[in-house]
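Asks: For reference, the chains in residue letters:
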Amino acid sequence: MSLAPFASSRALTFGVELELQIVNGNDYDLVGSAADVLRVLAARKFEGDVKPEITASMIEIATGICEHYEDAVSQLNTLRDALVSAAEALDVGIAGGGTHAFQKWHERQIFDAPRFQQLSSLYGYLAKQFTIFGQHVHIGCPAPDEALSLLHCLSRYIPHFIALSASSPFVQGADTGFSSARLNSVFAFPLSGRAPLVSNWDEFARYFDKMTGTGVVKGMKDFYWDIRPKPEYGTIEVRVMDTPLTVGRAAEIAAYIQSVARWLMVERPFRTVEDDYLVYSFNRFQACRFGLEGVVVDPRSHEHRPIAEDILATMDRIEQHAIELRADGALRNLREVVKNDAGDANWLRRLHAQEQLLPEVVRQQCLRWRS
Amino acid sequence: MDTSKTLAAWQFIADQPMLWLALGTLAALLAGEVFWRVLRLPRITGYTVGGMLVGGAGFGWVPSTLTPTLDILTDIALALLLFELGTRVRLHWFRANKSLILCSVLDCTLTFVACALVASSLGMKGVHALLIGALAVGTSPAIVVRIAMETRAQGQVTERMLSLTAINTIVSIVLVKLIAGFAPQDVGLGWVRALGNAAYLLLGSLLAGALMAYAFSRLRRFANLAEEHGVALLFALLLVFFALMHIAALPPLLPPLIAGIVLRNANPRPLLLPRHFGTAGGLLVILLFILNGVQIQWESLFVGGILAIALIAARTLAKFGAVFGSAARAALSMRQAAALSVTLTPFSATALVLASYLGLNDRALIDPVLPTLLAAVLISELICPILVQLALRHSNETQE
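Chains as they are written, first to last, in my numbering: chain U, 1 to 371; chain Z, 1 to 400.
One chain only, chain U, in its complex shape (with noise of 0.2 angstroms):
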């Protein structure tokens, strides 16, 4: 399969996708009742995007094509009471964050799909273990090479959309020490990490031809890649991203990227270099285990600084851009996070704290999402 024509879609529209959880009313464990999810909403006739995931007890949730900030809450908001209703006909929760709490992964059902059993017979145990939750966010470009431009001056501020989003503390009824350990179970994939710094779509094409030559992918949908291009929808995909425990916050996060890619759009900024690459891993690293806390290295100024700084700073400096979006709201409300370190990881782990059963954890996560 070759790669497809990168369709042309209107610059800086944005879609978010939303994978979540589905437990059980009793103990609050995921349960398998994806298929008995879409089965209730198909017979309400209801408009919108839900699809099911690799595992059972997931489903994914798609806006549309969103201009700004509101449009993007107006439709995860429909999208989260429609399946909230369905839950309750069901009795069963719905619930943000990047990892389930205390489900163990050797219990997962795959989706009774041909590409999910697929999937899992090739990765096998890893299949199982990618019951994880995630957000994707993506943003139009009006043509391929600009999508790769921007794809790779986003790389830069990928620790910030991990430590907003983080909201994956506990795996496997353990605290992990991690902000995001969600992200950890996607390393474990051999096509993960990084698109190849390419700087136009005819040299990614030959990339993706090699690629698909060597036998090792078939298409796009192979490389786990943090930030990757979706050449069908016109658009790159950020995709390192923990569900949020509330709509709220993800529409945020959303017009965050909006808005930074905004400027790295019409300002640019800089232009990305292969050094620029050095620093990205342990960038990440250093989200994902400390969250807001974490140090980022610029990668060239060697400057050390505290992520939940370095996003202040971004903040200010392409806060015109979130204006003319209408995002400047969101970003109103991500600055009291940053500043009050009340990311959604923080708030489990307090939560633990006071009631030190996992599953009410779990439950409570339920109630935050239909808030």
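No wet-lab data here; the hints were simulated from the structure. Small disclaimer: the values here were computed from a predicted structure and weren't measured. It is possible that some hints are incorrect.
Claimed, not checked - Pair by pair, the computed Cβ-Cβ distance ranges are: (1) U:P190 x Z:L239: 35 to 45 angstroms; (2) Z:L219 x U:S85: 35 to 45 angstroms; (3) Z:L23 x U:Y224: 40 to 50 angstroms; (4) Z:A313 x U:D112: 33 to 43 angstroms; (5) Z:Q399 x U:A188: 46 to 56 angstroms; (6) U:N333 x Z:L237: 44 to 54 angstroms; (7) Z:L219 x U:P190: 43 to 53 angstroms.
The beta-carbon is built from N, C-alpha and C at its ideal position, and this holds for glycine as well.
Assemble chain Z onto chain U, guided by the hints.
Replies: Okay, now just chain Z, sitting in the frame of chain U:
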């Protein structure tokens, strides 16, 4: 060795009830493992069959002196299972999904009417036909809870099976008590007494259940119920309530069930109890199934067999009718609806316990229906665990 000595030795061994009890239990447990590992069938079927072979083969290995003690043990096991069943009922769900209420109402009504009609058309007299109908309403809590736990099933079919079973068990007990009050010799003051009896049963059970739930919730704050010492406390508390119910002449069925429901619904915090209250409870539950097997009387098949089979057929139709009658709005697929109907078919041995409590004061009421009841329970105990397990497995809800 001369014959008389051999006989004496044999007599000596035959007179050791503990030995026979132990050997019988061992045999039944081994049968359970064979069923589970080799045939992939429920262990409890193995226990029942094992118990049946040893008991029914006429070895008489359970001496009559031990029977009352064993009855108490199985009653405790049943109380335990009912409590666990109660903790799986979310009243909130019935409010959120009205089709569940419809399903429950249809389930109880159709089963009661269908079974009473069948019984009366096959020659049961009025009150006895009604009694059969009432006893037939309930699904076996022991079978559904045990299978759900053994296969660690979860999902739509499992949760609905448990909730519907809890409701039909309550309805069955109340109906039976009402009808027993109307027994022929009570004509005249009949309905006053009947209502009085039922009210005592219901209010007493509600009160006892609520008290029990309150005690459990206090205990929960005091000890970690997921640990051994916590479980022991929990178990002791259950025994206290069990003894109190004995004294109050309340069948030990409703209060634990209600306690479970109250405990579950009064506090949203997830209730994580160890299965069957830990090993001790697990042992009692296993014993319950073995003794059910032992007490099976084959003769009942000849006396009550025909009516029992007709009854089971009518009851199965009623359960299917109830589930499919409400399935359109119930957010169930057809496949799930069929599976759910099947899981509701186990005829409840709880009915036997209930009947034996009634029989204490009124043999004339119970004796005519007993053979049918025994036969229905016998057939159900042999076949239904397998059906329930298959239904849950086909719904992809088991984690075996």
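Asks: How does the Cβ-Cβ distance of L219 of chain Z and S85 of chain U compare with 35 to 45 angstroms: does it lie in that range?
Replies: Given about 36 angstroms between the Cβ atoms, the range holds.
Asks: Looking only at beta-carbon atoms, does the pair N333 of chain U, L237 of chain Z fall within the given range of 44 to 54 angstroms?
Replies: 49 angstroms, holds
Asks: Hint says 46 to 56 angstroms; check whether the CB-CB distance for Q399 of chain Z and A188 of chain U agrees.
Replies: 24 angstroms, violated
Asks: Given the hint of 40 to 50 angstroms, is the C-beta distance from L23 of chain Z to Y224 of chain U inside that range or not?
Replies: 60 angstroms, violated
Asks: Take the C-beta atom of L219 of chain Z and the C-beta atom of P190 of chain U, compute their distance, and say whether it sits inside 43 to 53 angstroms.
Replies: Given a distance of about 52 angstroms, which is inside 43 to 53 angstroms, the answer is holds.
Asks: Could you tell me whether the CB distance from A313 of chain Z to D112 of chain U stays inside 33 to 43 angstroms?
Replies: 34 angstroms, holds
Asks: Indicate whether the distance between the beta carbons of P190 of chain U and L239 of chain Z respects the range 35 to 45 angstroms.
Replies: 58 angstroms, violated
Violation of the numbered hints given earlier is confined to hints 1, 3 and 5; the remaining hints are satisfied by the structure.
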